[in-house]
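Participant: Chains U and S, in that order, are what the protein sequence lines are. Going by this note's numbering, the first sequence runs without a break in its numbering and finishes at 735. Going by this note's numbering, the second sequence runs without a break in its numbering and finishes at 735.
There may be inaccurate statements among the hints.
No distinction is drawn between identical chains; accordingly, a pair holds when it is met within one copy or between any pair of copies.
Claimed, not checked - Heads up, simulated DSS-like pairs for lysine-lysine below, C-alpha to C-alpha not over 27 Å straight-line:
no.	residue 1	residue 2
1	LYS669	LYS562
2	LYS131	LYS365
3	LYS587	LYS660
4	LYS362	LYS131
5	LYS547	LYS573
Simulated from the structure, these hints should not be mistaken for lab results.
There are 2 protein chains.
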Amino acid sequence: MGIGYWDLIGHWSLGIGHFIGNYKIVIKFMLDKLFSPRSVAVIGASRDKQKLGHQVLANILKYGYRGKVYPVNPAAGKILGLKCYRSALEIKGAVDLAVVAVPAAVVPQVLAECGQKKIPSAIVISAGFKEIGGAGAILEAEIKAIAKQYSINLLGPNCLGIMDVVSRLNASFADGMISPGGAAFFSQSGAVGTAMLDWSKQNNFGFSRFISLGNKADISENEILEFLAEDKNTKVILGYLEGFTDGRKFLAVCQKATALKPVIILKAGRTAAGKRAITSHTGALAGQNEVTAAALKQAGAIQVDSLNELFDYARLFASQPLIRGNRLAIVANAGGPSVMATDAVVESGLQLAKLSDSTLKKLKAGLPATAAIHNPVDLVGDARADRFELGLNAVLSDKAVDAALAILTPQTMTEVTKTAEVIVSLSRKYGKTVATSFIGGAKVEPGIKILTTGGVPNFLYPEAGVRAMGAMAGYQRARKLESQKVRMRVVDLKTWKVVGGLLNGGGEQVGWQTAEEILKIYKIPMVKSAVAADAGVAVKLAGKFKYPVVLKVAAKKLLHKTDAGGVLVGLKTAGEVETGFKKLNKIAKKFGGEVLIQPQILGGREIIMGVRRDPQFGPVVMFGLGGIYTEILKDVVFRVAPLDQAESLKMIQEIKAFKLLSGARGEKGVKLAALADMLCKLSELATDFPQIEEVTLNPVLATTKGCLAVDVRIITNYELRIKVKRQNLKVKEN
Amino acid sequence: MGIGYWDLIGHWSLGIGHFIGNYKIVIKFMLDKLFSPRSVAVIGASRDKQKLGHQVLANILKYGYRGKVYPVNPAAGKILGLKCYRSALEIKGAVDLAVVAVPAAVVPQVLAECGQKKIPSAIVISAGFKEIGGAGAILEAEIKAIAKQYSINLLGPNCLGIMDVVSRLNASFADGMISPGGAAFFSQSGAVGTAMLDWSKQNNFGFSRFISLGNKADISENEILEFLAEDKNTKVILGYLEGFTDGRKFLAVCQKATALKPVIILKAGRTAAGKRAITSHTGALAGQNEVTAAALKQAGAIQVDSLNELFDYARLFASQPLIRGNRLAIVANAGGPSVMATDAVVESGLQLAKLSDSTLKKLKAGLPATAAIHNPVDLVGDARADRFELGLNAVLSDKAVDAALAILTPQTMTEVTKTAEVIVSLSRKYGKTVATSFIGGAKVEPGIKILTTGGVPNFLYPEAGVRAMGAMAGYQRARKLESQKVRMRVVDLKTWKVVGGLLNGGGEQVGWQTAEEILKIYKIPMVKSAVAADAGVAVKLAGKFKYPVVLKVAAKKLLHKTDAGGVLVGLKTAGEVETGFKKLNKIAKKFGGEVLIQPQILGGREIIMGVRRDPQFGPVVMFGLGGIYTEILKDVVFRVAPLDQAESLKMIQEIKAFKLLSGARGEKGVKLAALADMLCKLSELATDFPQIEEVTLNPVLATTKGCLAVDVRIITNYELRIKVKRQNLKVKEN
């Protein structure tokens with residue numbers, strides 16, 4: 002961004018309160034000009050109705066925008082009744098926003114003119130940039146540089162534009178205008194954006210703002226998210242993303258946003274990422290999907306997997322108050338759909354509310370004998386609107402109920418519209434979360450219209466309504482848990498120099514002794530080991546270590562010891578050590594390494610932990626049980642580093658087989674605090690040194706008393722050190 | 002059913018071809034009178050438009066039914082222009098079907114009159130039976146007996162009735178008439194039925210027949226399924242069920258049906274079943290959901306979890322040809338939704354088709370340079386109908402493509418209706434499975450109408466379309482696999498007598514020696530064991546067995562040995578055996594049992610297998626790895642017994658941790674054939690003896706050489722023997 006984005010981040014990373022404050026004000030100030038400009042220039046305005054430059058201008062004029070509008074086109078005199086300027090420089094008054102719709106090749110020139118005119122924000126609608134590759138990418142780099150040079154906040158290129166209900170501005174080439182509502186939507190895909198707009202009209206869905214991100218040359222989801230978090234007109238933030246511009250920044254920004262309001266993200270591209278080359282266990286497991294899911298969870302965002310869920314959740318979150326707890330009451334005129342909704346309740350993290358005695362009394366008194374008064378309440382098939390009213394009044398006034406779902410199927414006596422009216426009015430009366438499932442087609446449609454207009458979302462399928470409520474309860478739970486914020490790491494200068502030096506000399510795979518030293522500095526306990534120069538030394542060391550012992554090959558060029566036959570365990574005699582040494586020494590020589598000897602640790606649970614630098618989210622920690630649990634059952638958990646002790650412990654508790662660690666079938670559990678400590682330190686090591694690509698401790702043996710790493714692999718990548726920005730890190734002299 | 006239903010099953014179970022043939026003809030003949038009656042009597046016909054008896058009569062007359070119609074009502078003269086009869090007995094001509102809509106209390110009487118009049122089939126619409134409990138249940142038993150006495154095939158009571166497009170008969174009190182189509186739908190819930198009817202009208206969805214099952218006093222899903230399987234007008238069978246009338250019969254009937262056409266079942270009530278009391282490992286794991294899912298899979302049926310999926314799948318299956326393989330091509334004017342569809346492809350068991358070179362050439366020649374010609378094909382946002390035509394023509398003519406999904410979002414240049422027309426015509430031209438995802442609202446609606454009318458289902462969300470296609474491919478795969486049919490077991494008389502005798506004397510938990518003997522007869526290998534009468538004997542036996550040994554308490558009253566501290570393993574010396582014996586002897590005395598000694602089997606994988614009598618599906622086999630895998634990871638598989646060797650092997654291969662058995666990380670695999678054999682025999686044992694409630698072998702130790710049961714528990718239940726019908730079983734003298 003124009004005004005020195007990374008400088009700001011630098012200050013912000015210091016963690017000093019007033020800087021954060023200033024930064025926020027800056028973001029808000031910057032994007033205010035974009036969303037609420039006092040004046041707009043349309044560069045490339047055209048008389049030709051087929052041209053985007055015409056459509057954009059017409060849209061700006063059409064929906065009540067009250068600022069000044071300047072069409073710019075070197076060839077035209079007047080367009081749509083407005084005087085046309087030959088260039089932005091010709092405009093007399095100040096311009097807050099330029100909307101650019103000229104051919105790609107001309108964009109650099111007009112953008113520079115905008116800069117000279119000191120226009121602070123621009124939307125580049127024109128296509129023909131990075132999305133077409135080669136020359137387009139070069140052109141995009143060029144406009145990015147121009148934006149930076151002139152401090153222009155640039156949205157796009159290759160985007161639809163924006164719509165804003167507050168300033169009544171449709172600065173896009175999309176038909177129609179959004180109706181007012183509480184949801185802001187940003188989309189990295191124009192097509193998803195237009196689909197969403199079309200869907201919203203049919204479903205009476207309202208927006209505060211609509212933003213098409215396009216290629217994200219300058220403004221990305223991060224700035225938008227930060228702006229929307231503070232935006233009073235926005236109640237819920239919806240986003241469609243195909244990739245993260247800066248995952249770690251996203252995490253920080255999103256954590257702040259979700260503390261204030263729900264953020265629902267649809268991230269496409271799950272499968273494509275699965276194709277990544279598999280180079281290591283940690284790498285293979287930490288696919289982009291898993292890391293994205295972990296990061297979104299850490300950020301407190303609600304991740305949806307489909308447009309379906311996005312639309313469903315959006316309708317509930319935008320129209321209803323946030324759910325107070327997780328206790329749902331179901332009131333229905335049909336048993337079957339009620340059972341289906343009940344099935345979905347537990348799966349969605351909700352529970353069926355246990356109705357109080359007084360509620361049950363009310364229901365018993367008012368409903369026919371064949372009705373079911375316990376939740377789910379069955380009003381019986383011949384229920385008219387009055388019976389729905391009685392049932393919903395009873396459950397919504399119950400303190401043990403946080404939300405209600407009313408299910409209606411069109412039967413002989415059913416009063417569809419009257420029931421809808423009753424539900425709308427009760428939803429307002431109690432202020433609790435209410436949704437409906439009027440199931441069917443033409444018969445229920447008039448009822449659904451009344452509901453939607455009245456702010457009660459209807460779900461054609463009851464399970465979908467329950468799931469949306471479950472997502473709401475999940476958001477509330479996550480907010481209460483106050484997941485750990487991404488922390489700032491402060492490394493002391495001495496460590497920075499010593500470990501940095503060790504890593505620098507390490508090569509691609511850091512040598513064994515160096516790795517041992519680094520772990521020692523980070524207080525990560527590791528089993529002792531020694532180099533066995535020859536068979537005699539090996540036997541002598543074995544005697545010192547006590548049998549059984551382990552022999553293994555350590556060689557920088559050997560990434561997978563076990564696969565190469567380079568590990569021998571359980572050697573019980575001098576003879577076995579001698580034979581073993583000879584065998585391994587051959588392998589060691591082949592790879593230019595040496596033979597190590599270690600005492601064999603008996604008992605203990607096998608653990609694997611690792612940390613890997615993700616291209617989007619930076620260092621990501623992995624934890625799992627060793628062997629089959631990780632390799633076959635994929636029972637592993639991820640988190641963006643660094644973690645503190647508490648978050649490490651939470652992470653460990655998330656594996657499915659956690660009972661194996663905490664003690665199952667009468668066995669004592671392992672010392673979890675020691676494991677959490679090790680995980681936490683591992684996460685700090687990788688955060689502190691951007692040149693680290695991967696650290697794997699496999700296995701770590703955990704016992705009731707503590708834990709010990711048995712094998713270590715550290716991989717560095719100096720390309721990375723140059724490319725990767727220093728993330729949440731500061732070196733301090735102490 | 003009137004004509005001796007179980008007698009027929011008896012013959013059928015003999016497995017004699019012509020009996021099966023006859024049985025089929027009988028079912029068809031019986032239900033033909035119901036669906037295509039030459040004449041209908043409406044018992045309880047009324048002049049009062051508010052009464053069901055009026056609505057039913059009006060519906061029968063309204064939609065072109067060509068048979069004779071006789072209103073019956075003792076009080077009326079003429080109704081809707083027809084002469085009214087005082088009772089069924091008064092009618093002169095033959096009557097094929099009686100539709101009964103009189104108060105519940107009067108139903109027995111009018112049904113008896115129908116019987117005397119020799120009316121072969123009846124639909125009882127009246128409510129007030131089992132669904133209201135107590136007196137209603139007694140009344141239902143009464144009408145069931147009357148139906149049996151007079152050989153009446155009875156549908157209901159408490160149902161909506163039926164609709165049939167072939168005989169143009171609406172013998173129900175539901176408004177309107179189904180439009181003709183290839184889907185038959187049966188529903189155990191009237192509300193789900195009416196919702197489906199209402200939905201179908203709005204979505205232009207056609208039916209062959211619609212059946213409301215009601216309380217299933219006589220005709221159940223099984224007879225309906227059998228009839229629909231043979232029905233030429235039905236292309237796909239849809240069913241909504243809340244419970245199975247006879248699960249084992251359902252399995253057999255459904256297997257036959259799914260060999261002919263797809264059967265899609267929505268079974269509600271997953272959560273409620275989860276509440277069952279947990280009495281054993283096998284019992285706890287084999288919840289009703291898991292057993293139902295296993296049985297439906299074994300039956301070749303497609304199980305859906307929600308109305309949403311039911312409606313989605315129904316639309317695709319009813320309108321499009323069955324998919325030929327699993328290779329899908331995606332053609333879209335938008336990148337984002339295309340990525341989302343791609344994400345769903347692998348998850349749905351499909352794969353992205355690899356387009357042939359000639360297809361790629363065609364696409365390259367016809368599409369703009371910015372288009373993506375590899376699958377998913379991106380036509381770019383400004384694609385008009387001609388570009389969709391070119392793209393779809395290219396992929397559908399490719400032999401490497403089995404199905405196509407066309408995705409459209411409404412953008413500036415998009416031709417919604419023209420594109421829809423093109424797709425409809427191409428879908429007909431190639432005869433491959435085609436679906437669309439026109440995403441949006443008002444703008445895409447006219448296109449969706451054209452598509453639906455033209456037999457191409459549209460999915461608002463592309464993932465939903467992909468999932469429906471995936472279900473279709475799954476059905477085709479399952480059909481090709483030809484899953485094992487439920488087999489007939491023939492037990493020889495000697496075994497029947499011997500094992501029967503042993504079980505009879507066994508009590509609730511069969512004693513250890515008896516259980517050992519039974520396993521021996523069924524050739525299930527078990528580790529040797531002996532009773533240690535005192536510590537001296539124990540030490541002597543230990544010497545004979547060789548150390549280490551195992552001591553355990555065997556007592557009929559002790560169901561969970563380990564939990565009671567009744568198992569000691571790894572005893573290595575005479576001293577340990579002596580101390581151990583003393584400890585266990587106390588426990589043995591407490592439970593009135595004795596102490597057993599076994600040699601300890603070293604090495605081997607721990608397996609758990611069991612079989613349990615499910616109230617709906619009879620004996621159900623469970624297989625899993627022991628310990629954590631079963632208890633914590635729930636990595637277990639179920640099948641309805643009996644299994645043959647091949648099916649047992651397939652079942653074993655379905656556990657997630659199968660690699661642990663087949664050999665992982667350089668280890669040799671266990672002898673799978675031996676495991677499969679044991680599982681197969683276990684399944685036979687439980688099938689042969691209905692008095693067996695549960696058999697658990699836990700653990701079984703499997704090695705590279707074979708497998709051996711180490712512990713056994715057999716539980717009998719004589720209540721069960723009386724209640725449970727003999728399922729797929731015949732005793733033969735040999």
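Participant: Given a CA cutoff of 27 Å, do LYS547 and LYS573 count as a within-copy pair, a between-copy pair, both, or neither?
Facilitator: both (9 Å within a copy, 24 Å between copies)
Participant: When no copy is named, should LYS669 and LYS562 be tagged within, between, both, or neither for a Cα gap of at most 27 Å?
Facilitator: Answer is between: at 20 Å across copies they meet the 27 Å cutoff, but 32 Å inside does not.
Participant: Treating 27 Å as the Cα threshold, decide for LYS362 and LYS131: within, between, both or neither.
Facilitator: between (67 Å within a copy, 25 Å between copies)
Participant: Within, between, both or neither: how does the pair LYS587, LYS660 come out at a Cα-Cα threshold of 27 Å?
Facilitator: So LYS587 and LYS660 fail the 27 Å test inside a copy (42 Å) and across (32 Å) alike.
Participant: Have a look at LYS131 and LYS365 and pick one of within, between, both or neither, based on CA distance no larger than 27 Å.
Facilitator: between (66 Å within a copy, 21 Å between copies)
Hint 3 from the list above is the single one not met by this structure.
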